[in-house]
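**Q** Sequence:
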Amino acid sequence: DFANTTGDAVFDDALKQALAVDLEQSPFLNVLSDRKMGETLRLMGRPPNERVTRDVAQEICLRTGSKALLAGSISRLGSQYMVGLQAVNCGNGDTLAKEQGEASSKEEVVKALGTVASSLRTKLGESLASVQKFNVPIEATTSSLEALKTFSMGVATSREKGDAEGIPFIRRAIELDPNFAVAYATLGVSYANLGQPSLSAENLKKAYELRDRVSEKERLRISADYYAFVTGELEKEAQTYQLWIQSYPQDPIPHGNLGANFTALGQYDKSLRETQEAQRLAPNVVLNHRGIVLNFPLGALAQVGLARAYALQGDTTKARAAYQDFLALWKDADPDIPILKQAKAEYAKLQ
Numbered sequence: 001d002f003a004n005t006t007g008d009a010v011f012d013d014a015l016k017q018a019l020a021v022d023l024e025q026s027p028f029l030n031v032l033s034d035r036k037m038g039e040t041l042r043l044m045g046r047p048p049n050e051r052v053t054r055d056v057a058q059e060i061c062l063r064t065g066s067k068a069l070l071a072g073s074i075s076r077l078g079s080q081y082m083v084g085l086q087a088v089n090c091g092n093g094d095t096l097a098k099e100q101g102e103a104s105s106k107e108e109v110v111k112a113l114g115t116v117a118s119s120l121r122t123k124l125g126e127s128l129a130s131v132q133k134f135n136v137p138i139e140a141t142t143s144s145l146e147a148l149k150t151f152s153m154g155v156a157t158s159r160e161k162g163d164a165e166g167i168p169f170i171r172r173a174i175e176l177d178p179n180f181a182v183a184y185a186t187l188g189v190s191y192a193n194l195g196q197p198s199l200s201a202e203n204l205k206k207a208y209e210l211r212d213r214v215s216e217k218e219r220l221r222i223s224a225d226y227y228a229f230v231t232g233e234l235e236k237e238a239q240t241y242q243l244w245i246q247s248y249p250q251d252p253i254p255h256g257n258l259g260a261n262f263t264a265l266g267q268y269d270k271s272l273r274e275t276q277e278a279q280r281l282a283p284n285v286v287l288n289h290r291g292i293v294l295n296f297p298l299g300a301l302a303q304v305g306l307a308r309a310y311a312l313q314g315d316t317t318k319a320r321a322a323y324q325d326f327l328a329l330w331k332d333a334d335p336d337i338p339i340l341k342q343a344k345a346e347y348a349k350l351q
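All residue numbers for the sequence shown refer to my numbering, where the first residue is 1 and numbers rise by one.
Just so you know, the hints here were simulated from the structure itself, not pulled from any lab data.
Keep in mind the model is a prediction, meaning the values are calculated, not measured.
Please note that the accuracy of each hint is not assured.
Computed beta-carbon distance windows for the label pairs [claimed, not checked]: (1) D1 with G266: 44 to 52 Å; (2) P335 with G91: 24 to 32 Å; (3) T122 with G314: 48 to 56 Å; (4) S247 with D1: 46 to 54 Å; (5) A129 with L327: 44 to 52 Å; (6) E235 with P47: 39 to 47 Å; (7) Q250 with L62: 17 to 25 Å; (8) K341 with G7: 50 to 58 Å; (9) A264 with R51: 39 to 47 Å; (10) Q276 with Q132: 17 to 25 Å; (11) Q242 with G195: 27 to 35 Å; (12) Q100 with T317: 30 to 38 Å.
Beta carbons: idealized from backbone N, C-alpha and C, even for Gly.
Between the sequences and the hints, there should be enough to build the whole structure, so can you do that?
**A** In structure tokens form, the structure reads like this:
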């Protein structure tokens, strides 16, 4: 969390969300997700939504095997704002890189943060060509601090309490900024998770129309969602995931979802390969209280893809083992979740 000495609470969540949006477009950096951070806080015996101080962040950094933590700060000097970022080595606490910038007004803070973040990326070793290629300004996503803050609250609420609870915050973020493409996309997937296809399609269409306002990774995510939930064009969905993998080969999400996509297309060998790669990149899958697999937001199908691929190939021994692993992982989830009921039925047929 940002160290905020301005006295303005809008910066507390908004700048963290803005920084995440900026850094996640980099293929050089692997940003720890809020989901993983919350789970690590639980393992530390702390509330998952606890404000993360630098000392706590360093412990999270060590526990997750991360290389560095980013400490952000914002202060006010008269009418100006100073925004700072410092990358710190998790192991010894040494400063790896730091950068600072000025904003002439509150409305310019997000832009200043983007400039600081870009400079820090090069100092951490990312090539200038990469920074220039993957560098959509934060303010293009949304220049509204209030929208960012509200969106952040919506994402956190959805993660902790479920999509239905998070939707009002995300809708409010869209009211604050009607061109907030990522918010429309998030709302569309939330409605899909809740089984409301018309509302899902409505919001995903809007996100798709606004996709030129977002980073490369978010544009790929929005396009994949659009083909999956709106048009049903499975081949185009698969092509989008393949482009995503080319730019972000260490991201497990496109591999997992491509595995589910290949299963739907009947390409079981490819499904098995992609699902195994997703599991290699993200071996520790964490569920929220409703049993939604957060590693793969387009659906939990990616997690049973391995079991199904083995079964369709006729390898019942490996299929049973994969289903057993899946069901063990979901033992505390709501038994009425459709994907869980379906997996149990499929597993029973193999006995």
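**Q** Hint by hint, note whether the structure agrees.
**A** Going down the list of hints, with the structure as the test:
1. D1 with G266: 44 to 52 Å: Since the Cβ atoms of D1 and G266 sit about 47 Å apart, the hinted range of 44 to 52 Å holds.
2. P335 with G91: 24 to 32 Å: This hint is violated: roughly 43 Å between Cβ atoms.
3. T122 with G314: 48 to 56 Å: 51 Å, holds
4. S247 with D1: 46 to 54 Å: Violated - the Cβ-Cβ distance for S247 and D1, about 29 Å, lies outside 46 to 54 Å.
5. A129 with L327: 44 to 52 Å: 46 Å, holds
6. E235 with P47: 39 to 47 Å: 44 Å, holds
7. Q250 with L62: 17 to 25 Å: Taking Cβ atoms as reference, Q250 and L62 lie about 21 Å apart, which means the hint holds.
8. K341 with G7: 50 to 58 Å: Since K341 and G7 have Cβ atoms about 51 Å apart, the given range 50 to 58 Å holds.
9. A264 with R51: 39 to 47 Å: 42 Å, holds
10. Q276 with Q132: 17 to 25 Å: 34 Å, violated
11. Q242 with G195: 27 to 35 Å: 29 Å, holds
12. Q100 with T317: 30 to 38 Å: Between Q100 and T317, where Cβ atoms are some 58 Å apart, the hint is violated.
Of the numbered hints stated above, those contradicted by the structure are hints 2, 4, 10, 12, listed in ascending order.
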